[in-house]
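A.B. asks: What follows is each chain in one-letter form.
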Amino acid sequence: DAGVTQSPTHLIKTRGQQVTLRCSPKSGHDTVSWYQQALGQGPQFIFQYYEEEERQRGNFPDRFSGHQFPNYSSELNVNALLLGDSALYLCASSNQGRGSYEQYFGPGTRLTVT
Amino acid sequence: ELKVEQNPLFLSMQEGKNYTIYCNYSTTSDRLYWYRQDPGKSLESLFVLLSNGAVKQEGRLMASLDTKARLSTLHITAAVHDLSATYFCAVDIDSGYALNFGKGTSLLVTP
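From first to last, the protein sequence lines stand for chains X and E. Number 35 in our numbering belongs to position 9 of the first sequence; there are no gaps in the numbering. Number 102 in our numbering belongs to position 110 of the second sequence; there are no gaps in the numbering.
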């Protein structure tokens, strides 16, 4: 049973550039949430996608956007990168269509902005 | 604004000792989670606590939930080095939407 997968594993970008991170949910899951974890901090909720729509959004600027595809996979896009965007980006999936709310996390994408 | 506070933030303990990590949250919650994170790794789910008085145990770890006090504890019994990691509690107040995490407790178990 495949767990949550994310790509790429690591990424280095320059300030002002744009980046796209990808996530495939655990088999059978229909909901994807994205979190940002700065070094030494707890994860911070960015947004959640269900049925290809953004259901809830955390306190992040519009530079952060996302998408969910019909196969439930998801992308996180960040425009106009800032140094402060350097973090571990975690994707989590759950099966809310069946009332299962527990979120399972992927391995993360480590983004470094220089 | 929901606040999730963990204490202590750093904990160094000897092998064989017992200790408790505390997680306080500021509003009514549907469910509470405990996760473990090893350095440079993702989050591993340890426990899901769904109701007042819930207690779950796995090996040397036991988690409990008191929804009236808005408090969860993670108790470590007879610590071993393999338990060294960062432990996060997370609160779900909106039925499966955002998880609100504490800052984490960095645990180091020494011989």
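If you're looking for bench data, these hints aren't it; they were derived computationally from the structure. As the structure is a prediction and not an experimental result, all values here were calculated from the model. A few of these clues could be false.
Examples of chain X residues toward chain E, derived with CB under 7 Å [as the list claims (entries may be wrong)]:
#1 74
#2 86
#3 87
#4 110
#5 113
#6 128
#7 138
Note that beta-carbon positions come from the ideal geometry of N, C-alpha and C, so glycine has one too.
A.B. asks: Taking the earlier hints as the rules, which of them does this structure contradict?
C.D. replies: Failing hints, ascending: 2, 3, 4, 5, 7.
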